[in-house]
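A.B. asks: Sequence:
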Amino acid sequence: MRIPRDNTAALIIDVQERLFPHMQDHDILVSNLEILIRGMQIMKIPLTVTQQYSKGLGKTIDPLEKLFVPFTHVEKTAFSCCDEPGVIDGLERTGKDFIVLAGIESHVCVLQTALDLLEKGFKPVVIEDCVSSRKKDDKTNAIHRMRQDGVIITSNESILFELCRYSGTPEFKEISSLVK
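Just so it is clear: in the sequence shown, position 118 is 118 by our numbering, and no numbers are missing.
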């Protein structure tokens, strides 16, 4: 099943300053997230950013926050983004079926959001190199469970070129320069 650009939105989940440094391979993760977000912006994919209990976990990390002008986020205390009316209502208003998921932690908020999106009739797409957990096994198990339950798992570069679809376009050239 192809993921069409005109039927796709994205959620960047809880990439916050007090939790982020504890993620596996967080230096690679931030680079991949920047590429993903910039690519989505080039293709005008609607993006929603969430923050889990900002008072305790802090704000979205600076490198990502700076990519959004103006920066806005949806505050949440539920692990699943689908349990926050501001998130799920916003996704439903987009009218998009495919929801790209990136962020932390893979085995908590990303997993629960993906499973709830499936239940609500969406098609969640988890970007494996744009999610992480504190422990490698937690991420591995979460990816395995999501795949078993029917969540689409792909990579950063793969989703960007799939959404771009054609080479030779100005968007393709911008995305190509991002992933080099």
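Keep in mind the hints are simulated off the structure, nothing from the lab.
Quick caveat, the model's predicted, so the values are computed rather than measured.
Check before you lean on any hint, since a few could be wrong.
[Claimed, not checked] Simulated crosslink set (BS3-like; lysine-lysine; CA at most 25 Å straight-line):
hint, residue 1, residue 2
1, 66, 44
2, 136, 44
3, 66, 55
A.B. asks: Hint by hint, say whether it matches the structure.
C.D. replies: How the hints compare with the structure:
{"no.": "1", "hint": "66 / 44", "verdict": "holds (17 Å)"}
{"no.": "2", "hint": "136 / 44", "verdict": "violated (32 Å)"}
{"no.": "3", "hint": "66 / 55", "verdict": "holds (20 Å)"}
Checked against the numbered hints given earlier, this structure breaks only hint 2.
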